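Enquirer: Same order as they appear, the protein sequences are chains A and B. Per this note's numbering, the very first residue in the first sequence carries number 1; after that it's consecutive. Per this note's numbering, the very first residue in the second sequence carries number 1; after that it's consecutive.
Hints listed in this document are in silico derivations from the structure and should not be mistaken for laboratory results. One thing to keep in mind: the hints can contain errors.
Claimed, not checked - Straight line, CA to CA, 20 Å or less: simulated EDC-like cross-link-like pairs of lysine to aspartate or glutamate:
(1) A:182 / B:47
(2) B:39 / A:70
(3) A:106 / B:47
What the hints assert, rightly or not - Derived DEER-like restraints, expressed as beta-carbon distance ranges:
(4) B:214 / A:125: 34 to 40 Å
(5) A:54 / B:94: 51 to 57 Å
(6) B:96 / A:114: 22 to 28 Å
(7) B:117 / A:235: 16 to 22 Å
(8) A:196 / B:94: 25 to 31 Å
(9) A:196 / B:96: 24 to 30 Å
(10) A:235 / B:251: 47 to 53 Å
(11) B:94 / A:114: 30 to 36 Å
(12) B:117 / A:196: 28 to 34 Å
(13) B:252 / A:34: 49 to 55 Å
(14) A:50 / B:177: 38 to 44 Å
(15) B:189 / A:26: 48 to 54 Å
Since the model is a prediction, treat every value here as computed from it, not as a measurement. Note that CB positions come from ideal geometry on N, CA and C, so glycine has one too.
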Amino acid sequence: MSHRNSPAFLAASLSLLVAGSALAATPYTQATVTRTENKVSYGTVKGDRSNTRPAEPQDVVKAMNFLLSESDSRAELKYDDGTIVRIGQNTIFTFEANSRTLNLKKGTFVFFIPKGQGGGTIKTPSLTAAITGTVGKVSENTIAILDGEVVLKPSGDVVRAGEFARRNPDGTIAIGKFDPLKIFDGKLMTFNGPLPGIPEKLLGLPLLDMKNLWDLDSLDRVINSPSGLQHFFPPATPRPVKATPEPRATPVPATPVPYTPPSLLQGAGNGGINNSGGPN
Amino acid sequence: MNTRPFLFAALLSTSLLHAEDGKTYSYRSGRAGVPQQSKQEVEDIGEISESTGGSSKWRMNFATRGQYTSNAALTGNHGSDDFLFLPTFEVGYHTPLGKHFSFDLSTKIESAIFGDRSDRSFIGYSALATLDYTYKEGLPRAYVSVEPYRYDGFDRGELATQAVGFTGGLDWGHGFNAGRSVVFTGSSYSYYLADPSVDSRTSYRAVGGLAHQIRTNLTGQAYYAYQYTDYADFARHDNRHVLAGNLIYQFNEHFFGTMSTTWVNNDSSQARGSYQSFGGGLGLTLQY
Numbered sequence: 001m002s003h004r005n006s007p008a009f010l011a012a013s014l015s016l017l018v019a020g021s022a023l024a025a026t027p028y029t030q031a032t033v034t035r036t037e038n039k040v041s042y043g044t045v046k047g048d049r050s051n052t053r054p055a056e057p058q059d060v061v062k063a064m065n066f067l068l069s070e071s072d073s074r075a076e077l078k079y080d081d082g083t084i085v086r087i088g089q090n091t092i093f094t095f096e097a098n099s100r101t102l103n104l105k106k107g108t109f110v111f112f113i114p115k116g117q118g119g120g121t122i123k124t125p126s127l128t129a130a131i132t133g134t135v136g137k138v139s140e141n142t143i144a145i146l147d148g149e150v151v152l153k154p155s156g157d158v159v160r161a162g163e164f165a166r167r168n169p170d171g172t173i174a175i176g177k178f179d180p181l182k183i184f185d186g187k188l189m190t191f192n193g194p195l196p197g198i199p200e201k202l203l204g205l206p207l208l209d210m211k212n213l214w215d216l217d218s219l220d221r222v223i224n225s226p227s228g229l230q231h232f233f234p235p236a237t238p239r240p241v242k243a244t245p246e247p248r249a250t251p252v253p254a255t256p257v258p259y260t261p262p263s264l265l266q267g268a269g270n271g272g273i274n275n276s277g278g279p280n
Numbered sequence: 001m002n003t004r005p006f007l008f009a010a011l012l013s014t015s016l017l018h019a020e021d022g023k024t025y026s027y028r029s030g031r032a033g034v035p036q037q038s039k040q041e042v043e044d045i046g047e048i049s050e051s052t053g054g055s056s057k058w059r060m061n062f063a064t065r066g067q068y069t070s071n072a073a074l075t076g077n078h079g080s081d082d083f084l085f086l087p088t089f090e091v092g093y094h095t096p097l098g099k100h101f102s103f104d105l106s107t108k109i110e111s112a113i114f115g116d117r118s119d120r121s122f123i124g125y126s127a128l129a130t131l132d133y134t135y136k137e138g139l140p141r142a143y144v145s146v147e148p149y150r151y152d153g154f155d156r157g158e159l160a161t162q163a164v165g166f167t168g169g170l171d172w173g174h175g176f177n178a179g180r181s182v183v184f185t186g187s188s189y190s191y192y193l194a195d196p197s198v199d200s201r202t203s204y205r206a207v208g209g210l211a212h213q214i215r216t217n218l219t220g221q222a223y224y225a226y227q228y229t230d231y232a233d234f235a236r237h238d239n240r241h242v243l244a245g246n247l248i249y250q251f252n253e254h255f256f257g258t259m260s261t262t263w264v265n266n267d268s269s270q271a272r273g274s275y276q277s278f279g280g281g282l283g284l285t286l287q288y
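Okay, chain A solo, but in the shape it has when bound:
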């Protein structure tokens, strides 16, 4: 029997493929702080101790470092592969290089991971998800996906664009659709400019169907159409015209004056709408 068809061979091939794609991904070795707001600290862990100092733009954050923000404080990080992470207030954020893991210990962040860069993992205190090219919002118990999709670990449930996964207090995980009107809400969505990667399909603001722009057509169809104008402005009906009697003193007999109907249009056969005004 050929080994080519055995599950072991298939599993090995799959492993090689996965390993190959992982090798192709750029590790999250370091990220550059591109913007800070108010009090954001740059931390370094040494053994069981950590040191912090104020974070500044152009700081290079490595995998053993962390960022800590206080109230009303935010920061943006940019990775070499174009990944962008924006952390919110009262947040502790770290990342792991080789596994490309974005790790939220506390607080919130939004992320943009370009497609084709190998994806990665998002880890919060209550959820873990494998991601590909994706845009999303993350809090300690929620992951909301604006574009792409994530796979929850270990359940394997897929959370698609327009959906969120949330860990409930009873330990269950609910997956549902979120209100599309609120997808752009939140200061992190515009902190340091628009978050890239927002898909076009989300930009179709509700009620923006161009078919709705013609809702006044009905009035024109009924009232301003040729048949409507014929109905509401019927052509003048010729009236019998009496001869005007001349004064008796005049010996010339009275001559009847023929009635001249209003000038009819080319469409006279269709109702005779008055065209005396000509084109406007």
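For this one, chain A is given, so just place chain B on it according to the hints.
Expert: Frame of chain A; chain B shown alone:
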């Protein structure tokens, strides 16, 4: 080599892994409960609240609109102002067809009731079937549609006009400003085969405009539209210009209000067909 025991063991281990996941049971929810977000969380990433709209392919709308118009007669320059009541009931169906296509059906009963000129009041019935095609996200949408319609006049108690319209068009929207703004443009070509035949016509339309999500629940639209109409069995052609603005406030997912204003200049080769009008109105829509 016998591979079955290996396969069975693999399946068994997978099952055991899933059994261990029992404590992290997850489910797709119609209602996932009240979001438990802190004020700071909402400030930074927005409220992630569950949509109650579901994903039904069916929709239903009931809309009412009260509108002032400076020209209810739709002839001449203003001077025939009136107040219109415009109720509409729509049942629609939308479904994707493969990767690139989608189909939409909109059946509608609508009416226009005039305050003073009640002889112009009418009721209309229409069904608009549209097939959309989008090759790739971000590229223009192409569509073809067919729309039979019929309008009955209240005063006549009989047919005012009816037609079948065939339309082909393209439209495109581009978002910017972090997705809160969309500039859009489109054009279409239509042929209407009408009864009475004097209403048969071809129309070309072009529209350009801007929409902006001013606040979470408030969207503004402004657009300009041009329409050229040529009547097939009647010596008339119209050039129509429309400037319009809408403010749409979404009270919740099912209920929204609209404030609209419209200016129209219809320049017709028939004197009676030419008109200018200005209108403004308030509307309420209930949608499911």
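Enquirer: That 49 to 55 Å hint for residue 252 (chain B) and residue 34 (chain A) (C-beta), does it hold up?
Expert: violated (38 Å)
Enquirer: Does the beta carbon distance between residue 94 (chain B) and residue 114 (chain A) stay inside 30 to 36 Å, or does it fall outside?
Expert: holds (31 Å)
Enquirer: Residue 54 (chain A) and residue 94 (chain B), beta-carbon distance inside 51 to 57 Å?
Expert: Distance hint for residue 54 (chain A), residue 94 (chain B) holds at roughly 52 Å.
Enquirer: Taking 20 Å as the top limit, are the C-alpha atoms of residue 182 (chain A) and residue 47 (chain B) close enough?
Expert: holds (7 Å)
Enquirer: Can the restraint linking residue 106 (chain A) and residue 47 (chain B) be considered satisfied, given a maximum Cα separation of 20 Å?
Expert: Satisfied, since the Cα-Cα distance of roughly 17 Å is no more than 20 Å.
Enquirer: Is 25 to 31 Å a correct range for the gap between the Cβ atoms of residue 196 (chain A) and residue 94 (chain B)?
Expert: holds (29 Å)
Enquirer: The hint says 48 to 54 Å between residue 189 (chain B) and residue 26 (chain A); measuring C-beta to C-beta, is that right?
Expert: Given a distance of about 49 Å, which is inside 48 to 54 Å, the answer is holds.
Enquirer: Quick check on a hinted range of 22 to 28 Å for residue 96 (chain B) and residue 114 (chain A), using CB atoms only.
Expert: holds (26 Å)
Enquirer: Should the hint that residue 235 (chain A) and residue 251 (chain B) are 47 to 53 Å apart at their CB atoms be regarded as holding?
Expert: holds (50 Å)
Enquirer: Take the C-beta atom of residue 117 (chain B) and the C-beta atom of residue 235 (chain A), compute their distance, and say whether it sits inside 16 to 22 Å.
Expert: holds (20 Å)
Enquirer: For residue 196 (chain A) and residue 96 (chain B), compare the CB-CB distance with the range 24 to 30 Å and indicate the outcome.
Expert: Once the Cβ atoms are compared, 26 Å apart, the range 24 to 30 Å for residue 96 (chain B) and residue 196 (chain A) holds.
Enquirer: Using the Cβ atoms, figure out if residue 117 (chain B) sits within 28 to 34 Å of residue 196 (chain A).
Expert: violated (54 Å)
In summary, the structure is inconsistent with hints 12 and 13 from the numbered list given earlier, while agreeing with the others.
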